[in-house]
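Student: Listed in order, the protein sequences are those of chains A, B, C and D.
Number 387 in this note's numbering belongs to position 387 of the first sequence; there are no gaps in the numbering.
Number 458 in this note's numbering belongs to position 458 of the second sequence; there are no gaps in the numbering.
Number 22 in this note's numbering belongs to position 22 of the third sequence; there are no gaps in the numbering.
Number 179 in this note's numbering belongs to position 179 of the fourth sequence; there are no gaps in the numbering.
FYI, nobody ran anything at the bench for these hints, they're computed from the structure.
Check each hint, because a few of them may be wrong.
Stated by the list, open to error - Partner residues are not named here, just some residues of chain A that face chain C (Cβ under 7 Å, in silico):
(1) 536
(2) 602
(3) 635
(4) 636
(5) 637
(6) 639
(7) 640
(8) 644
(9) 647
(10) 654
(11) 658
Claimed, not checked - Here are some chain A residues the structure puts well away from chain C; computed CB gaps all over 12 Å:
(12) 551
(13) 580
(14) 632
(15) 633
(16) 646
Stated by the list, open to error - So, partial list: chain A residues that the calculated Cβ filter (under 7 Å) puts toward chain B:
(17) 24
(18) 27
(19) 136
(20) 151
(21) 153
(22) 155
(23) 158
(24) 171
(25) 172
(26) 179
(27) 182
(28) 185
(29) 623
(30) 625
(31) 631
(32) 652
Model, not experiment: these values are computed from the prediction.
We treat Cβ as the ideally placed atom computed from N, Cα and C, and that holds for glycine.
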Amino acid sequence: MLVAVMALLVCCALLTALSGIPGLYLRAGGGRAAAWLMGAGALAGLAAAALVLAGAGPAAQVLSHTPLGSPGYLRLDPIGAFFLVPVAVLPACGAVFGVGYWGEGHEGARTLRLLYGLTTGFLVVLVAAAHALTFLLAWEGMAVAGFVLVMAEDRDPATRRAGWVYLAATHTGTLCLFAAFGLAAGPGGLFGAGAGGFLFTPAAPGLAATSRGALTFLLFLVGFGFKAGIFPLHFWLPPAHGAAPSHVSSIMSGVVIKMGILGLVRLVALVPDPPLWWGALLVVLGALSGLLGVAFALAQHDLKRLLAYHSIENIGIILLGLGLGTLGKASGHPVLALLGFAGALLHVLNHSLFKGLLFLGAGSVVHATGSRDLERLGGLGHTMPFTAAAFLAGSWAICGLPPLNGFVSEWLIYLAAFQGLAFLHPGWSVLALAALAMIGALAAACFAKVYGVVFQGRARSPEAARAAEVSLAMRAPMGVLACACIGLGAAPLLVAPALARAAAALAGTSEPLALGGIAHLWVLSALALPLAALAVLLWAWSRRRGAHTTGQPTWDCGYAADCPRAQYTASSFADSLVGSLRYVLWPRERRPKLRALFPGPRGYRSHVPDPVLERAAEPGFDLAARGLGVLRFLQGGHLALYLLYILVTLVVLFLWMVA
Amino acid sequence: MAWFLIAFPLLAAVLAFAKASGRFRVRLLPVTGALHLAALVLALVLGRYAQSGVEAWLGLDPLGSWGLLVISVLFCICACYAPAYLALRPERDNRVFTASFLAFLGLASLLAMAHHPGLVWVAMETTTLATAPLIYFNHNRRSIEATWKYLIIGSVGIALALLGTLFLAYAAKLGGLEEPLFFTRLMERGASLSRPWLRAGFVLALVGYGTKMGLAPLHTWKPDAYGESPGVIGALLAGGVTTCAFLALLRIFAVMAAAGELAFARKLMLGMGLLSMLWAAVFMVRQLDIRRLLAYSSVEHMGILAFGIGVGGRAVVFALFHLAANALVKGVLFMSAGNINRSYASKRLPYVTGAIRRTPVSGWLFFLGFLAITGTPPFAPFISEFNIAAAALARPSLWAGAAFLVLLAGIFLAMGDTVVQVVFGTPPADRVRTPYRDTLATTAPLLVALGLAVTLGLWLPAPVGAMIHSAANLVEGQP
Amino acid sequence: MLTDLLIALIVLTNFAMAVTSRINKAIQTAVVQGVLLGLLPLAMGLGRHPHILLMVASTVAVKGWLIPHLFRRATRRLKTPREVSPIGGFTASLVMCAVGTGLAVLLAGNLPLAPGSRLTLFVPASLSTLLTGFILLIFRRKALTQVVGYLVLENGVYLFGLMLVEEMPLLVEAGILLDLFVGIFIMGIVINHITAAFDSMDTRHLAELKD
Amino acid sequence: MCEPALARIPQVLVHVLTALLLPPLLPGLINKVKALVAGRQGPPVLQLYYDLAKLARKQAVISRATTWVFLAGPAAVAAAALVASLLVPFGHAPAPVHFEGDMILFAYLFGLARFATVLAALDTGSSFEGMGAAREVTFSVLAEPALFLGFAALAKVSGSLSLSGMLALGGPSLFRATGPLILVLAGWITVYLAENARIPVDDPNTHLELTMIHEVMVLDHSGRPLALALYGASLKLLVLGALIVGPLLPRTGRPWADWAAFYGAMALLAAGVGVVECITARLRLNRVPQFLVAGLLATAFAFFLLQA
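For reference, chain A alone in the conformation it holds in the complex (with noise of 0.2 Å):
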């Protein structure tokens, strides 16, 4: 069974890894032949995340032995077959969007497809590394094919700028995570000694509670924050995603960026006694993340960035799950551990599904209109019935909204947090349910106003009124993963036994709880039918044959001029909350002088630049620059220069030396 388990891995990890190969020898058809790979691919890993998560228990492969070291190791674990799910499905979902997204016309296509299927295998080995150098191969083969697909726009100043960006992001994390690893590594670190230390094993007790312990985790922390977009680390996250391509930005936002989030939950599930500041750090960096995500989401008028800064906010969630989990399992409450994980893993698989699909109807409407601005789009519900209806579920599912999936793991987390009100300082849960509650709120003006903007009344500009619904290709991955959404928000049940697996491990407890007992997962089922069923029944009652007469303009109280360009933006939409978060967000704006009785036509602009990136990072690093350029003096061209520093080298050496 296990031997079972390992070769449907690399099977899967082969077979997406080298997906876009055909391509590079067919004329035609290349993607095509992808989707099929990458969905073969799928299945594999499908069947053995399922025989792990169905308790075959985890399965272990020594590779080939790193050069001068420990040999590398892959092993499937439940944690990482359920990390395994979302990796398998969303590429595989990206690969046919984008045989119809990402044709043989555009330049580098093969190029694209070749590193697509990479970045996915590199993927699937990640989920399953149970050893640094494994880890730290996958994680940085994802991250530079991953960087290749950001820059398949290349000729484009802004993709350069947003690829240096996520590039540099993601390398220095990289680097922290050396630090990181190399502190584990040997007596006193957290991994132990055995195996040169690199290898995935639960540290001994007490070891977390060391300073080293602590700067071990703050190091991971930081280098997984990086790459899963933890506020201020966010920074690279929405220029890459906008600049990619969108089945790119599917997987970037729906599996990348988790795989942060899976090296914070394996550093958590090896240690047995984390102390409790790191649960708290954990739910305060969430709770930052999250509001200051959905916050900045609100003011951006370009859908896939907007899209990006939900990933942070998201992320939080996750990690707010995540902190009380860990909280619980510092603190010795076993249900409220369970909880957390639970919640946070669940949020982790559903964010894949609902952000992919929100990312991939992001790609239809770019594909269908040419524009990502939002003051450009609108009306696209008419033509674009089937976008509009997936995008409505995905939208649906990322604000938590009941019967979808979102809900479910998003009530998991609010459950820990209740939990944790009889436990934990009471801070963190109110902290936890605060947040919870206010993201909850402001995702859902988000995407009112996304929705709204984007599908409904009627098209701001020429090209959105020229928008057609995209191919079948484009349509089917949409379809598929609403469809997940759905059925997850409808049947949490299913997935609960492969979840509280999952959560167990994670938690460190042996026997798995059931997690559809404690949670009540079935009740929700229960309800979500009536609810789906009622609703139904009272649009049918509403519009009945006969009970209405269509063809009307819309009753504007008045106002006859039937101008699009008059309807409520996207911009106005968000104005209150944004001004009264200007504190927060500090919008740059320019608003028209108007002097004159009778002012000519005039213009308003606003943009809300990202605080890290655009108001720190890049400042920062450009006066580091500048003022580093002061010293290219010391390598000015003259010998007699050189020649000093030669005389004062030994001289101070041999100062040195004899001091």
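Since the structure of chain A is already known, use the hints to place chains B, C and D on it.
Tutor: Okay, now just chains B, C and D, sitting in the frame of chain A:
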């Protein structure tokens, strides 16, 4: 065998210098490289290196074998690339070029196999002189300036190294040793050597060989020499000459270690290593000239080597491994940068952009080389940089490891900024395009080098691993 | 006694070098220094070894004749101003030279000689000469004067080498002669190229490559 | 948990019937009280029942700018409110459906209703409805945490994670936590007024579209969709009202008395709302967040009072 490895390339050099036919000379390069490599591998496989007589002047000990293996492989790759390059430069006579090129291999073999400090020094000196004409290949004002600086700075360095060698000899004299002062004997009798002289000698050797190696702030000739010579020469200098100097330094380091001065020597290496990385980082920021960028990267990697030795223990193994990793990847970088230059007739931003469009293979190779050299898996430098960092964090101190990683991050940011601009984007429309196109001849050697770098990142033949381990023991003073 | 006298003279030539304003004078001083050095082994009483005699002869020949000959050829062809054009003036050079000598003495104090060795002045003198060579290299602008500086620097190394020459003749001789011969020879070639390319030996022209 | 105990059937039946039939009475009551206080006779108490009956027969006019979402919105609102009504206890007895964490579902069902209303409003493409929608979502950002902090305080007091448990505070805990409870209720009343679009947050009777919130969102609705929207709104009035009166109701142990107490309390609440509407003016729109922040702070303070 030892004599063959040294004499064969030198004979080839003489032949190349004497023989009139340019075509013959060009063909001689890959043939010599391949034969040398084959002979070396044969010698290693036959196990002739295991202490071929303690009292011999020449021989393949683990350290020398490993260094020579790296040099020979790199030479082979460069020699396979050189004919294609020379074909692109029909206007330049290649007599001196080929002769110097071949002579370098012979002298490097001498250096790697020499068991005597004086002999090592002689080999280093002659290597410097043999490579000077290579830097001057372009015969213009810029290349003459570079050559002059290389020669003066290199000569001063080598003079200091000589003084250091003499100090070492004096230390031995005070310890009662007599000629011939083979390294093995110096190490065996390490405890009796005069400590003050030994220390002073090591400082001089560090400054002297460090100048040849390019440790900051002694590296100042590097950007000019690498920037103005052909790409293939940059590769040979950055991977070959530096390896020679590093080997020479390690020999003396080993004596220090055997004499019980390990802590002192380590501190110096650590400090110089970090300083080199810092200097490189500062000058890579907004570096518009890609060749100078690579030169500073070379300074950085010399710093990493020194740092690894300074950290000691496990890190020494990986510093030695890094020797190969750096040489291979630097080869890819310099030669692909050379190809890109050739296509754009410039090596500076903002003229060189969109390399993946104009020279797709070289552009991608350059980019991959950048990733590799900055420590991205699965390339070999990842293994060494990660392990050196991990070892440094554990010992000597957290701060050394932290400084190492912070500098690596800074260097990545600085280097990547330029590389991304060079590789991606659109080639400038208003610049003339030279007739250069990527061909198999100008890219295949690079692909091989990169392939080797990947292979080393994933797998190392066990005998080679054992060789590196025993070389590391040797460096740490346990023969 | 004689050795000490010679060494004192050598150190004096160092100072002289620091204040010499003419290229020709500088070369002459270097020649004097070279010849003094060449004769030193005889003063040390090593004249009984034939190989050392050979070395003395070759050193005097190279340093006393070959190198100045090469230099003079170069200067004659050039017709450039004859001043050495120092950076920072002669006083500065002299002061630095003095400081260098002081440093050398300090350093030498930390390096114990073999018990009973009479060569007490060798180490400070050799280091002082080395540092003087360095200073000349750094603070002179002409390519040729830089080579002179290099020559002085080499002299410093040679001076130290003489301490070992009895026991380890091969190391010293091979090293020093190779260094001098080949180094100066190649430098001469490059100086020729420089003058051809720039019509001058002023190294200020050679500062085009920079960051 | 939904024990299918036979004994609970009548209870559940009354609950469901109350939820289905009672809501339209509440706006009638409020309006009647308002009229009486103002010295007018006012519309009949059952006016909304008449309106609903009439609207159900009338033909709807649907803008050509809309999609299916326009019609689905009111249906979803009504459905969500109906399901939510199953979760909240009407007075003494546990709700028909109760389980650990049901308050989260409860709150999110109203979130769903809001989302559906807003989308239906935006579907028309009208600026006015966009304006109303923007206001609705803005205010909910403050209302939601207030609701949840109230839940947290009650959960802490009652030790229960279910609405039925946390609203059924026993005597002792009621006394122990009087102060916090009052603060929670004060906070929830602001939420109640905001969620139900009452003065001082919104004026249901205003005639200036520019200042409306809820009314302007259903501006384009007519016929059956409007009926559903109105019905859903009144249901919200009942269900959220039950949340507020719940902790205050006496537990007599006799079902009929308890039901009577519940109906009486709801009537009182409606009257109270009516009175408030008479004696206060509507807040300026940019002052509304301050009103809600006050509510949020009240619940937060309640919680920290419990800790002290």
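Student: Now tell me, hint by hint, if it's right for this structure.
Tutor: Against the structure, the hints come out as follows:
1. 536: violated (71 Å)
2. 602: violated (48 Å)
3. 635: holds (4 Å)
4. 636: Result: holds, 5 Å to nearest chain C Cβ.
5. 637: Hint holds; residue 637/A Cβ to chain C Cβ min 3 Å, cut 7 Å.
6. 639: holds (6 Å)
7. 640: Hint holds; residue 640/A Cβ to chain C Cβ min 5 Å, cut 7 Å.
8. 644: Holds, about 5 Å.
9. 647: This hint holds: residue 647/A lies near chain C, its Cβ roughly 5 Å from the closest one there, short of 7 Å.
10. 654: The hint holds - residue 654/A has a Cβ within 7 Å of chain C, the shortest such distance being about 6 Å.
11. 658: With Cβ-Cβ at 5 Å, under 7 Å, it holds.
12. 551: holds (72 Å)
13. 580: holds (50 Å)
14. 632: violated (5 Å)
15. 633: violated (9 Å)
16. 646: violated (8 Å)
17. 24: violated (13 Å)
18. 27: For residue 27/A, the interface hint is violated, since the closest Cβ of chain B sits about 19 Å away, which is over 7 Å.
19. 136: holds (6 Å)
20. 151: holds (6 Å)
21. 153: violated (10 Å)
22. 155: holds (5 Å)
23. 158: Not OK, violated: residue 158/A not within 7 Å of chain B, min 12 Å.
24. 171: Check passed: Cβ of residue 171/A comes within 5 Å of chain B, closer than 7 Å.
25. 172: Constraint on residue 172/A satisfied, holds at 5 Å.
26. 179: Because about 5 Å separates residue 179/A from the closest Cβ in chain B, which is inside the 7 Å limit, the hint holds.
27. 182: holds (3 Å)
28. 185: This hint holds: residue 185/A lies near chain B, its Cβ roughly 6 Å from the closest one there, short of 7 Å.
29. 623: violated (11 Å)
30. 625: holds (5 Å)
31. 631: holds (5 Å)
32. 652: For residue 652/A, the interface hint is violated, since the closest Cβ of chain B sits about 10 Å away, which is over 7 Å.
Checked against the numbered hints above, the structure breaks hints 1, 2, 14, 15, 16, 17, 18, 21, 23, 29, 32 and satisfies the rest.
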